[in-house]
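Protein chains: 2
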Amino acid sequence: MIKINENFLKLEQSYLFSTIAKKVAAFQKENPDKKVIKLGIGDVTRPLPSVVIEAMKKAAEEQGSAETFRGYGPEQGYDFLREKIQKQDYFDRGIAIDIDEIFVSDGAKCDTGNIVDLFAEDNMVAITDPVYPVYRDTNLMSGRKKIIYMPSTAENHFNPDFPNEVPDIIYLCNPNNPTGTTMDREEVEKWVHYAKENKSIILYDSAYEAFVEDKNVPRSIFEIEGAKEVAIEFRSFSKTAGFTGMRCAYTIVPKQVKAYTEKGEAVFLNALWNRRQCTKFNGVSYIIQRGAEAIYSEEGQKQIQENIAYYKENAKIIREGLIKAGFTIYGGVDSPYIWLKVPEGLSSWEFFDELLEKANVVGTPGVGFGSCGEGYFRLTAFGTKENTIEAVKRIVEKYCQTR
Amino acid sequence: MIKINENFLKLEQSYLFSTIAKKVAAFQKENPDKKVIKLGIGDVTRPLPSVVIEAMKKAAEEQGSAETFRGYGPEQGYDFLREKIQKQDYFDRGIAIDIDEIFVSDGAKCDTGNIVDLFAEDNMVAITDPVYPVYRDTNLMSGRKKIIYMPSTAENHFNPDFPNEVPDIIYLCNPNNPTGTTMDREEVEKWVHYAKENKSIILYDSAYEAFVEDKNVPRSIFEIEGAKEVAIEFRSFSKTAGFTGMRCAYTIVPKQVKAYTEKGEAVFLNALWNRRQCTKFNGVSYIIQRGAEAIYSEEGQKQIQENIAYYKENAKIIREGLIKAGFTIYGGVDSPYIWLKVPEGLSSWEFFDELLEKANVVGTPGVGFGSCGEGYFRLTAFGTKENTIEAVKRIVEKYCQTR
Chain A
12 MIKINENFLK LEQSYLFSTI AKKVAAFQKE NPDKKVIKLG IGDVTRPLPS
62 VVIEAMKKAA EEQGSAETFR GYGPEQGYDF LREKIQKQDY FDRGIAIDID
112 EIFVSDGAKC DTGNIVDLFA EDNMVAITDP VYPVYRDTNL MSGRKKIIYM
162 PSTAENHFNP DFPNEVPDII YLCNPNNPTG TTMDREEVEK WVHYAKENKS
212 IILYDSAYEA FVEDKNVPRS IFEIEGAKEV AIEFRSFSKT AGFTGMRCAY
262 TIVPKQVKAY TEKGEAVFLN ALWNRRQCTK FNGVSYIIQR GAEAIYSEEG
312 QKQIQENIAY YKENAKIIRE GLIKAGFTIY GGVDSPYIWL KVPEGLSSWE
362 FFDELLEKAN VVGTPGVGFG SCGEGYFRLT AFGTKENTIE AVKRIVEKYC
412 QTR
Chain B
12 MIKINENFLK LEQSYLFSTI AKKVAAFQKE NPDKKVIKLG IGDVTRPLPS
62 VVIEAMKKAA EEQGSAETFR GYGPEQGYDF LREKIQKQDY FDRGIAIDID
112 EIFVSDGAKC DTGNIVDLFA EDNMVAITDP VYPVYRDTNL MSGRKKIIYM
162 PSTAENHFNP DFPNEVPDII YLCNPNNPTG TTMDREEVEK WVHYAKENKS
212 IILYDSAYEA FVEDKNVPRS IFEIEGAKEV AIEFRSFSKT AGFTGMRCAY
262 TIVPKQVKAY TEKGEAVFLN ALWNRRQCTK FNGVSYIIQR GAEAIYSEEG
312 QKQIQENIAY YKENAKIIRE GLIKAGFTIY GGVDSPYIWL KVPEGLSSWE
362 FFDELLEKAN VVGTPGVGFG SCGEGYFRLT AFGTKENTIE AVKRIVEKYC
412 QTR
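Chain order of the listed sequences is A and B.
Mind the numbering: the first sequence is residues 12 to 414 in the working numbering, read in order.
Mind the numbering: the second sequence is residues 12 to 414 in the working numbering, read in order.
If we strip away everything but chain A, and leave its shape as in the complex, we get (with noise of 0.2 Å):
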């Protein structure tokens, strides 16, 4: 008799983004002349730089043609893109990264996700609280049992402190999302320590750092000596450079990292990442990764950077109004999310229904990443700007008045 995997019923069904998606329905039937604005999930709305698109359109040209054309990649990416990521993202920020260390995948989710493939099952895991819920999810299907929730309040700046029991896979999420605040140079610093004194793992996942501008926070976790023997880095384009429809991002698996037997013998998971992928994933479109390659050009660099100069012009119309509504707020600055305290006597889910009413705007009740994202409230900075402004102005009307 066939038995499933019975730690997939351990899951809660991911109701948050259906359940937000059924009020905003029923409200628009309601209410069918008013204009409701999304911003709750975390997806870009400008388009792809026009480099990117003129490189895809070359590279679909290649494909037609006999002479050109090009079957199976690299199960690790192609070298023309892995060599601009190494320079441009590593070696020109002064860190010295191997070709064979980056793995050019579909995804970031689906590298944090597949991630723990490669691990025991007794590991112990911490994760903060709130969280991408991809950490805790993978984990809970691939039969992790010792999870630690780590709160991450206003109270502790939204950088918990160690744990209590040391947790060998640590998640660290900088610019962190849900809350769009950062840790800074010192703070991951500690982490680092840590991981090296405990022979814990970090997993980092730095998909939002096209946002730091603070030079105090680092890009990569790889600034911090050390890093390389206790961390994984997962990066995106999705972000960086709107590739969220295109699919396509890169992990950073240092030749040094290790992990161990359960007789303590050292294992090396460069090489066991790269089997894992080579059994399980048969690498990136040739035509996506030829966009991604154009994003490293001088015009590629202007026109990502203008994009995201765009999306944190619009993090920065959402704070200034939301401080000028009275609300106390978080993130932002180095990332696209904006992380707010709901006003007094409300949870999350009643802040999303007010403001819906009120303000036609849809965000996200902090509570679906954890039960301690109760209270707080997410908004994005990835809409058009009309929009942005339009809802901001809304918000400062409505609360201006009423609070």
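Calculated from the structure, these hints are not laboratory results.
Since this is a predicted model, take the numbers as computed values, not measurements.
It cannot be assumed that every hint is accurate.
Which copy? The list can't say, so a pair holds if one copy fits it or any two copies do.
Computed list of lysine-lysine pairs in BS3-like fashion (alpha-carbon distance at most 27 Å, straight line) [said to hold, decoys possible]:
no.: 1; residue 1: LYS33; residue 2: LYS266
no.: 2; residue 1: LYS69; residue 2: LYS313
no.: 3; residue 1: LYS274; residue 2: LYS21
no.: 4; residue 1: LYS14; residue 2: LYS210
no.: 5; residue 1: LYS14; residue 2: LYS226
no.: 6; residue 1: LYS14; residue 2: LYS274
no.: 7; residue 1: LYS210; residue 2: LYS156
no.: 8; residue 1: LYS369; residue 2: LYS14
no.: 9; residue 1: LYS14; residue 2: LYS207
no.: 10; residue 1: LYS21; residue 2: LYS157
no.: 11; residue 1: LYS369; residue 2: LYS157
no.: 12; residue 1: LYS45; residue 2: LYS396
no.: 13; residue 1: LYS14; residue 2: LYS201
no.: 14; residue 1: LYS156; residue 2: LYS14
no.: 15; residue 1: LYS49; residue 2: LYS335
Model the placement of chain B on the given structure of chain A, informed by the hints.
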């Protein structure tokens, strides 16, 4: 202390294709004047149909404009593609499939590998020997210890009998990789009945279905009555439409197919796979899905049929040449793979060396796919016609003279 998943250490290192590459490189170094022809790996050489190129260029253009830009797509694939799959690959062939039974992905390799996430570790798994290594390795990686290898040789016409112990998970690949042979309707029916009787599940890989002409060979397992209760089907655009470098495939998880908890409660796998994909996958690139959609147009169908006919003509050339040269051969009729018996007294690898030296042709030693592949050898029809003719000419010349 962070501990690895020690199951990775049980995997054989995948030396097959790297050993081949090294041998070929060494031969070329010693014989720089010889033109080596590679009929080893299963990668295609024909360019993509022009309708696919045009569709991808148009989709790329859309991504460059704010009005038509698309960010995150559905994890399960866009409906424009799923509807085409539903109609042309199933409805039009008399099979009713619901849209939400279709999961578009970035490769059949990924799906056949990832599907094991859904099942308990102690299920008993049956695979053929020889076999596409992904089935074996992904089960070993995830800790499954009970693996039945079903010998698949000329003696049983490459269609092994039911094993002595009843497996919970049965992998069938039809047309088969590596043997290039097929199971007819009656044989597939036999397995469907067996799976129903035993509450087993069939993981049915039909990546090569586009090569089937024989009316007695099913192109989908869902042609068999009752199969929707016990089978999951994997399909790919790689071999059908030359998409090896594009990365697009799909998997059908019928709503009826179920597995059980330890207590015997039935759980539907469609919802479980959906949960898995939503958590660990983020959909296929919009541009690539538009390319895949284009193959379903009248012109697209015509163009992919031309490519398949081209490869089938290659297969015929190889078959006829090998027969002329005195080889016993299998497959290559409803499949791009020709499986040949190596000359008496030689091992797979000895024949590899001999063929490389005598005819400067590269193939794949059967033993690389499992111990029962010893004494066999795989050639693929995916080369160019010119190279295929030249390779076969050399084989005929050398082997007609010397044996």
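Hints, verified against the model:
1. Taking identical chains as interchangeable, the C-alpha atoms of LYS33 and LYS266 lie at most 27 Å apart only when they sit on different chains, with a minimum of 24 Å there against 47 Å within one chain.
2. Both within a single protomer and between protomers do LYS69 and LYS313 lie at most 27 Å apart by alpha-carbon distance, with minima of 21 Å and 24 Å respectively.
3. Proximity of LYS274 to LYS21 under the C-alpha cut-off of 27 Å is restricted to the inter-copy arrangement: shortest distance 15 Å between copies versus 31 Å within a copy.
4. Within a single copy, LYS14 and LYS210 get their C-alpha atoms only as close as 35 Å, which misses the 27 Å cut-off; across copies the closest is 9 Å, which meets it.
5. Taking identical chains as interchangeable, the C-alpha atoms of LYS14 and LYS226 are never at most 27 Å apart, the minima being 52 Å within one chain and 35 Å between chains.
6. Taking identical chains as interchangeable, the C-alpha atoms of LYS14 and LYS274 lie at most 27 Å apart only when they sit on different chains, with a minimum of 10 Å there against 31 Å within one chain.
7. With identical chains, the CA atoms of LYS210 and LYS156 are at most 27 Å apart within one copy only, with a shortest distance of 20 Å there and 29 Å across copies.
8. Taking CA atoms no more than 27 Å apart as the test, LYS369 paired with LYS14 passes in neither setting, with 49 Å inside one copy and 51 Å between copies.
9. In this assembly of identical chains, LYS14 and LYS207 lie within 27 Å of each other by CA distance solely across copies; the values are 14 Å between and 39 Å within a copy.
10. Taking identical chains as interchangeable, the C-alpha atoms of LYS21 and LYS157 lie at most 27 Å apart whether they share a chain (13 Å) or sit on different chains (25 Å).
11. When the C-alpha separation of LYS369 and LYS157 is checked against a cutoff of 27 Å, the pair qualifies neither within a copy, at 42 Å, nor between copies, at 60 Å.
12. Only within a single protomer do LYS45 and LYS396 lie at most 27 Å apart by alpha-carbon distance; the minimum there is 19 Å, versus 63 Å between protomers.
13. Taking CA atoms no more than 27 Å apart as the test, LYS14 paired with LYS201 passes between copies only; the shortest distance there is 22 Å, against 44 Å inside one copy.
14. Within a single copy, LYS156 and LYS14 get their C-alpha atoms as close as 20 Å, and across copies as close as 15 Å, so both meet the 27 Å cut-off.
15. Taking the shortest alpha-carbon separations for LYS49 and LYS335, only the intra-copy value of 21 Å comes in at or below 27 Å, while the best inter-copy value is 69 Å.
In terms of the numbered hints stated before, the structure departs from hints 5, 8 and 11, listed from lowest to highest.
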